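*Asks:* For reference, the chains in residue letters:
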Amino acid sequence: MQQYLLSLLIFIPLIAAIVVLFVPSVFQRSFRMITLSASILQAIIFTIILSSSSADASFIIKEQTTWFSIDIGSWGILKAEYFVLLDGLNVSLVALSIGVMLIATIASWKETKNQKGYYALLLILNTAIVGSFTALDFLLFYLFFEFMLLPMFFLIGIWGGPRREYASIKFFLYTLLGSIFILIALIALYISVHDPSAVPGKLVHSFNLLTMADPKNYISNSILDPNNLWMVGPLSARTWIFLLIFFGFAIKLPMVPVHTWLPDAHVEASTPISVILAALLLKIGGYGILRIAYPILPDAAVELSWIVATFGVISIIYGALNALASKDLKRLIAYSSVSHMGFVILGISSVTSEGVTGAIYQMFSHGIISAMLFLIAGVLYDRTHDRIINNYSGLASRMPAYFVMVLVAFFASLGLPGFSGFIAEIMVFLGAFRSASANGLIHESFAIIATSGLVLGAAYYLWTIQRMFFGPFDLKGIASKSELYDLTPREYILLLPLAFSALAFGIFPQLILNWINPFAQQFIEAVLSKGASLTSNL
Amino acid sequence: MNLQEALHIIEKSLSYLYPELILTGGILVLITISLFKRISSIVFSVVSISICLATISLLVEEGLLRASLFSGIIVKESFSTYLKILANIGSLVTCVMTLSSNNQRMKSAEFYALLLTIVLGGHFLVMSNNLLMVFISMEIISISSYVLAGHANTKEASEGSLKYFLFGSVASAIMLYGFSLLYGVTGTLDFATEGFVKGITEYNSPILLIAGFMALAGFLFKVGAAPMHPWAPDVYQGASVPVVAFLSVVPKLAGIGILIKFILVISAYGQSKYDWQAIISVVAILTLTVGNFSALAQRNLKRMMAYSSIAQTGFLLVGIAAYLPEGIQFMLFYATVYVAMNFIVFISLQFFEQRNIWNTEHFAGTGRLLLWPSISMLIGLIALTGLPPTAGFTGKLFIFSSLWEAYHLSEKNILLWLFVFGLLNTVVSLFYYLKIPYYAFLKEGQSVEKGNFNLWENLLSLILVLVVLGLFFAPGLLMCWINSVNFVL
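Here the protein sequences come in this chain order: A and B. The first sequence begins at 0 in numbering that gives the first Met the number 0 and counts up by one. The second sequence begins at 0 in numbering that gives the first Met the number 0 and counts up by one.
Treat the hints as calculated values from the structure; they're not laboratory data.
Listed below are the simulated DSS-like cross-link pairs for lysine-lysine, each with C-alpha atoms no more than 27 Å apart in a straight line:
(1) A/LYS480 - A/LYS326
(2) A/LYS169 - A/LYS112
(3) B/LYS449 - A/LYS112
(4) B/LYS154 - B/LYS106
(5) B/LYS442 - A/LYS115
(6) A/LYS115 - B/LYS449
(7) A/LYS169 - B/LYS442
(8) A/LYS109 - B/LYS442
(9) A/LYS215 - A/LYS201
(10) B/LYS442 - A/LYS112
Quick look at which bits of chain A chain B covers, simulated, 3 or more residues with Cβ under 8 Å:
(11) 68-74
(12) 140-147
(13) 161-173
(14) 186-195
Here are some of the chain A residues that sit facing chain B, going by a computed Cβ distance under 10 Å:
(15) PHE152
(16) PHE153
(17) LEU176
(18) ILE179
(19) PHE180
(20) LEU182
(21) ILE222
The structure displayed is predicted, hence computed values, not measured ones. All C-beta atoms in this analysis are idealised placements derived from N, C-alpha and C, irrespective of residue type, glycine included.
Just chain B, with the same shape it has in the complex:
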């Protein structure tokens, strides 16, 4: 390949990367602004415009089937586009949440620049088809997340950030070592190629299993799944609410997106002699159980939501464990609903935290005085539990349906265990999700001032609540779109 050809490939590939280019431009503008003026309204409009533009350009090219860019390092297809749109929506909601924050640091240009960097990393991560690219995008996300986690600049935030950093660096190192072993085994870094799969099927040594586990460690760290979850509670407790909401959605979904691809190739599309479906099922069972049972003991709401988000990761993993195209589609449905219901809870949480309510006991008696935030919280929690009439129920129904079908096709008992464990975990989760409405509505408590959401919070929660309820009564609206999503490597 001479220089001419290489330049041509780059030029052609860049023309497919408008959303990412827009985001990069946004980041650069933000950094430049932060050097001169610090007017939050300008900063905010730059962020929201760049996210909106990126989303629009994603929607425009939505019909695109598959494009291999930069000689196959990055592949664009509808699956990654869908996850990117979700990530953009998540970051947009986060930005709107920061408007109601009373912490000025949350409105600085650096903060938004970091936010956009994570979204950019997420975009590249879900598109990666090359191990090195995976590592680079993962690091883009991780390093920005470490800073973001400590951005509140309190003692707790710094502690969480440092823990996140230490844990994350070790996870990255292990993952990188796993990648290098895989490279040694297969001779290529492009994991979607035939050479990679051939290498995996032909190589008969437990080294492959070890390499796979090491790589998995990095992914599980990113999505916050057991046993790589212990960073989550401290980070969540320390960081400010919009950051927590953001971290529990965007990096997680990006991680899930790449995990699906990785699991498919490491198992050589089911040809491998190691049963990666069983391994991911065990991880899912572990994640669900650890997340839910640890949440039971929590009194601090953010810590509780940290464990809740671990448990929710478990449900997303169920979609992967099903190993079916339908499973992935249903997983996307659940992921969408997860974004909506998670943000409902966090918007209310931010509202309550500003009134010094961050412990379950503090909620006593808030149900009557802070009626709408409490009701919005209740709907979000009911959706997270997975009770009708919320789309949280529909999502669980779909995901577990695909798992049942997978059990039928493969006859693996581990899938049946996952099925039963996963659904029974719902009862456990009810116990802690219900704690907040329990204190808010059932207990008499200390007097808080009467209050309500501000305009932005009201609007945002109303839209999200309508999404969560609407998708229960008409899941077809979203499933139509998801049906057109093709999962190809």
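Next up, chain A with everything else stripped away, as it sits in the complex:
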């Protein structure tokens, strides 16, 4: 039982989805209960996993068996594994996804349209998300990664706002483009590596990400052999593959200039779906860069770090400027996500322990805060069906409890000390500053320019508070004053835990830093040493 806990964690929602599909629609009310219990069960299993310690320090729990192994004659054996693992990188993200899915389920409590389909898709999405966070076999990862697209497409497209069809198609096409980039890399990588643990004399092509991360496992003179670079045009094949993986995940992240699907998807998606999109799906982009792009192609990563950092800084500034110009509250939050995910890229590109820790912490913290922000936007939208910032003023007097929650969320998001966002951003800045002296990858000026993102962040949040909450109570547009009432108990249940977590992880960062720190240390050592040794071979 013990060794199957992780699989159970991944597949419980899928089983629940099948149950939902077979329960007759007459028992509509049971669907949300099934979904909720699946999430709670996940949380319990996760706690059990964490409480049992593993002998090996490099991971918490893992499962590894052969998925399929096909003998292709002269060409060797194709081997894919069912390999899932929980370690310092993904433990916080898995915790986040369990929590957010729980909250999203409660947030969809009042969903009435075709509940069977809705909850089944939500549960499938849950499996896909947890699966892609834990899979360490590239093919398995790709399966889960792609499997998120279809449920999300329908969740936005059926249960979304007025322009939902356009937004869902745009989301699907953008992300599929990213997945195709990753697929190209997947094919190139698995053909170039062999599994060292195989029987001698047998050539086994493996999809295992750890196998791919070891430069010794590359078949000599293969296209991606790090010791004998294969040039395609001006760049080496390894650099191309790095760029493909990086941009593939950057679309998901999303990074400027491939971010344009995000505001549309967010504005049109319903509140719980926005929450999942912002808090979890975006994280898979950052996670993929950390798990796949950097460890497997460290030489290219080190070589291109300043380009990566440039994109990070552009995302920070451009996202913040767009947020400043947004008239729609949800669009503002969506652009603030772009800006905040820029910090993740900047942190990773520095390849310092502070930077990488900060990047992972930022993903975790943004997961909490963005979930809260979208719920807040949802609270207003539920009441008035209007999200235009300028149509509101003086809400503070009418909805005082709501105002407090907004203050917490906004200040947490703009990086006020005491909230989790502050810890994450300060670490990213430290890393970006120290990179020049520690490993010489990126210049200090990147950090300096990026700090202006904080100023802009403060600007758009404070300006929004001033416009919407201060002054005399007044409404323009379609909303009427009688529709506005303060938070309901269900909304308290949603917002309070998030507010509390944002505060708790801001004051006691070591709660998860204990997981992240060792991983970050390992990560930078691996990337820098491999990157340096491979580059010096040339």
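On the provided structure of chain A, position chain B as indicated by the hints.
*Replies:* This is chain B only, laid out in the frame that chain A set:
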């Protein structure tokens, strides 16, 4: 060779041709029946029994390595046997599809006789090792297809059939001219012989290139590859759904089977000074791009599926362009999956067409009322796009893996272009494949009556969906078998 010996060879060769003899017998019985009685249940059982018997006799002799029949005009080996089994399965599924058709003409004995004739032609085509035999089997397929395309007897069907016929005759004529030039150059029609290859390597003139192109034109016409594809949309639009499903699978696979052989010998196993690998790569890029981009603009579903099948041909050509034994094996895997996913879509398509839903816009709102057909369609389309967890993804993964390996071995940039173009085309294809689920599930639409597949359709789609999903999770099941397939000329 005296008469005695010749008769002996014929007698011996015939003993290897049980599947084809069974099919021929089936055709004769069907024609005889059509003269007297027209009971559709008898007709149907004759067809299905003869196809099943032919398939069983194919399976029995599956272990056979290589047999050269009729002094080398026909060669039996496991590669052609595999394609023949696929063709038989395709025709069997088509027959079951006609059961649900509400067009009585689809259940007549002539219809099934034509169907069996095409299968018979396909059998001979993939076995041919002689240019003349190639031409004859190709004509057997083509002439029956022209009639089949017009069998619905509507104005559109006749138009499609006539276009098919005109286009096909010209293609055949060009191909025949190419064959005659090749005969002139090499002095033999048996293209697997050393004499043929020697002739090709030693003859130094662009005539060879021209002859090769002319012959290629005929093959590309048959598989529906660019630039010989323009017949497809009109034929598909006019013909009835089971016919379209059949035409998009059986003649195509037979054509692919012979194309592989032809490309290998025309390039003299890589010895030729003309780079046929590059030529076939360009054809594949062209086919993928033309198929996918033309499909984008289509609103009629059958036309869209016509372009989709052109694009799918492009993926099969990728397997040929890799020029590796693994490439051919992976191509067979993809071909098998293609048969399954294509039929899933067409079974649903037939269902929808009977309810007057044949335009993308008509699908609005069908997702809720016609739930199972829509879901089955969705799975088929997702598989055609090549997304996990369907075997369509596995097939693409395999085919492009062999292409990457080919690029590694040959270092030809054109293969890299094909690799990148082919995979990026998937994104384009998603755009039109997704149109149907988009209308079915996302749009609110006019009211259609609630409905579901009948028993046969249900059973058939369930099996095919299970195949498509099962081969994703356990591709080894099929690859084991394909591994034993030997490609020899």
